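Below, each chain spelled out in residue letters.
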Amino acid sequence: MPQTTIYVSPRSLGAPDQRPPSVATTDLARLFAGSPALAGVSLRVDAARTVALLGSNGAGKTTLLRLLATAIRPSYGRGQVDGLDLDRDAALVRERVAYLSHATGLYDDLTARENLRFAAAMLGTPDADARVERALADVALEARATDRVRDFSAGMRKRLALGRILLGRPSLVLLDEPYAALDADGMAIVDQLLSAWREAGVSILIASHATDRLAPYLDGTVVLERGVVAAVSGEGVASLPVGPAGATARVAEAIQ
Amino acid sequence: MTDAGFVIAAYAVIIGGLGLYTVTLWRRLNSARRELDRDDEAR
Amino acid sequence: MKTRILGFAALAAVAAMTAIALFVVPADLNQGDAQRIMYPHVASAWLGYLSFGVTAISGILWLWKRDLRFDAIAVSGAEIGVMFTAFAIWGGMMWGRPIWGVFWQWEDPRLTTTALLLALYVGYLLFRRLTDDPQRRATRAAIVGIVAAVDIPIVHFSVEWWRGLHQTATIASPDRVLNPAAPMIFVGTLLGMLGAFTLAWGYLMIRRYQLARAELAREEAVRIGRLEDARRGVARSEAAR
Amino acid sequence: MSALRAEARTALAIARKDAVAELRGRHATVSTLFFSAVVLLLFGFALGPDSARLAAAAPGLLWLAVVFAGLLAVTRLHLLETDDGALEQLALYPVSRRAIYAGKALGGMAVMLVLGLVVLGAVGVLFAVDVASAWLPLLTTIVLGAVGIAAVGTFYAGVTVRLRAREVMLPLLMLPVLAPLLLAAVKATAAALAGDPFGELGAWLQLLVAFDVIMVVAGAATYGYLLED
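From first to last, the protein sequence lines stand for chains S, G, E and L. The numbering used here numbers the first residue of the first sequence as 1 and each following residue consecutively. The numbering used here numbers the first residue of the second sequence as 1 and each following residue consecutively. The numbering used here numbers the first residue of the third sequence as 1 and each following residue consecutively. The numbering used here numbers the first residue of the fourth sequence as 1 and each following residue consecutively.
One chain only, chain S, in its complex shape:
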């Protein structure tokens, strides 16, 4: 069993009601090869909230998370994280967002420790060596620290990717199917992470199907359906009606 207290190092975050919404989007849309993966989302998630993104495959959950992580740029509409524009202030957004994607983003030829050390160097983590060891312990991989990631199972890779997130100082955490591929111990690690972040006042957006498991941590839910918000519930989450696409396009053009 992993340690019970996981170390997360948030930036110094003010009182939730003093902070801008963690996520605020206006008619945010993204097309791939001409077809909309996200057709238009106007969503607000307040600071220090944990919100689940629900919806069937292809509903646009991953696309929304990638847009918020600045991994991709919006085709239309705009969005903000902590009041920072996804497009104009992308560099600042990156400092505040931690994103766990389907792909783990690990280098096969490096060991677990080397992967985390590299991430720490990229993230500018202070006291990097100690933090890397701590993160390895937190995700219960210290025994495999010197093994190459190439030989890791999917679950171990996922844990290591979670360990990498622990090295940052996010104010918003985006998790795409965090429980996928994990065994019971691994899932327990995710649970602990969620409560640690929640306590630290970090906002969390989770795309997942494991609603029962998530229930104790959630402030609200957002249901996506074919690229638009079908329903929201809970506290600190709101969805505005999306305007006609033509108007969005003109707005987008004006912004450009």
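Hint data in this document are derived by calculation from the structure and do not stem from the laboratory. Keep in mind that this is a model prediction, so the values were computed, not measured. Check the hints yourself; a few may be wrong.
Stated by the list, open to error - Result set (DMTMM-like, lysine to aspartate or glutamate): computed pairs, CA atoms no more than 25 Å apart in a straight line:
no., chain 1, residue 1, chain 2, residue 2
1, E, 65, L, 200
2, E, 65, S, 235
3, E, 2, G, 37
4, E, 65, S, 87
5, E, 65, L, 228
Use these hints to put chains G, E and L onto chain S, whose structure you have.
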């Protein structure tokens, strides 16, 4: 081939090519605009 | 309407200058009739460079202003530039054979430079087709166009030195028409042809730009339509519930 | 100043990571070294067996082999980043885009340097060229050539890494841009081997320096736009 032959070959390709490109461009432009209009009507 | 007038002016100018270059101007004393090829050759080469310059500058403007109209200018410049560059190479070859006895004279820096230019921008045009998102295509094309333009002077100097540092046999220089000692009528004809071709270039650039705009508008309309459908689709299915 | 130092640190971290992965996996070096050896052998078949002619053609063959192998090497180095979404992860780190370019280019330079030196040795052996007598100008040429190929290659590998048709597009876009480098490097090598009878070596080396500087600046300035998708 005489010098005049090369001169004719050069002018034929350059001036002819210019003309050919212009005509092709007209056709491409017309068909693009027609399609645009058709899209508008369809909506 | 104005564009149409420009088109007629270009047509008349090109026709007149072609007739003058072929039938009115006397043949060069040394180079004979082959010299007549120089007029459209030099004009085409100049317009090729101009077009690629336009493409690079529009690329920079797109990255700066994020207005897709600049991308439309960029693609117009590249396509028309490729055409004029190909003309320049063809003219150079047709000139080289009677003067130098070979179609391709490696000692001539211009021909080699121009051939590399053609390769650079054919690559640019092919590359453009591989991205279907207009904004991403514009961004990627812009940087490829900028780097290609940055490469042009280096290519030019390197090929120039390549010949210059070797000091091989002196060869007939293609730009003797621009030589100050050349008779005024040659210079006049060259400038006239340059003007006529530049008019044609302006006309073609405008039309090609209009085509690019129409294509962009159509692409955009399709995308907006799909977006609209997706937004309405869910609204409908909710109403049905 | 400290921002610049942070960028340098980032670039070094990326290059070090590439070096470690390369030493373990040997994706870029071993296969491309053999590839360049095969290319040299084929040149020998195509132009031989007249050894005087082969020796005369040696500078050109050397650089063609290096450029072709370099094409493969930069592709391999960027494919490393396609390990399970690594490129996207790299782009998400809050570091300057220039630094990412510099890091990837640095790794490419190291690989190209090894490649250039080995091919130079192979050319010396296979085509009976005396490379030892002019080692300093040759080494300078190889270093400058390696920097240029890596600078251009890193940029174009970034341009094409996400395309389906990257195997075709990379050489199509990159080789014409590399033409001046090839020309200058071949001339510099030939001049160095001949003992620089016309005093032209310096001019070619200057051209190589100019090419390297311009391409590194252009690559660093534009690489950020490649990472956005």
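Comparing the hints with the structure gives:
1. Between the alpha carbons of residue 65 of chain E and residue 200 of chain L the distance comes to roughly 45 Å, so the proposed pair goes past 25 Å and is violated.
2. Distance hint between residue 65 of chain E and residue 235 of chain S is unfulfilled; the C-alpha atoms sit about 39 Å from each other, more than 25 Å.
3. Taking the CA atoms of residue 2 of chain E and residue 37 of chain G, the gap is near 23 Å; set against the 25 Å cutoff, the hint holds.
4. Under the criterion of a C-alpha separation no larger than 25 Å, the hint pairing residue 65 of chain E with residue 87 of chain S is consistent with the structure, at around 13 Å.
5. Taken as a hint, the residue 65 of chain E and residue 228 of chain L pair is honoured in the structure, with Cα atoms around 16 Å apart against an allowance of 25 Å.
When each numbered hint is compared with the structure, violations occur for hints 1 and 2.
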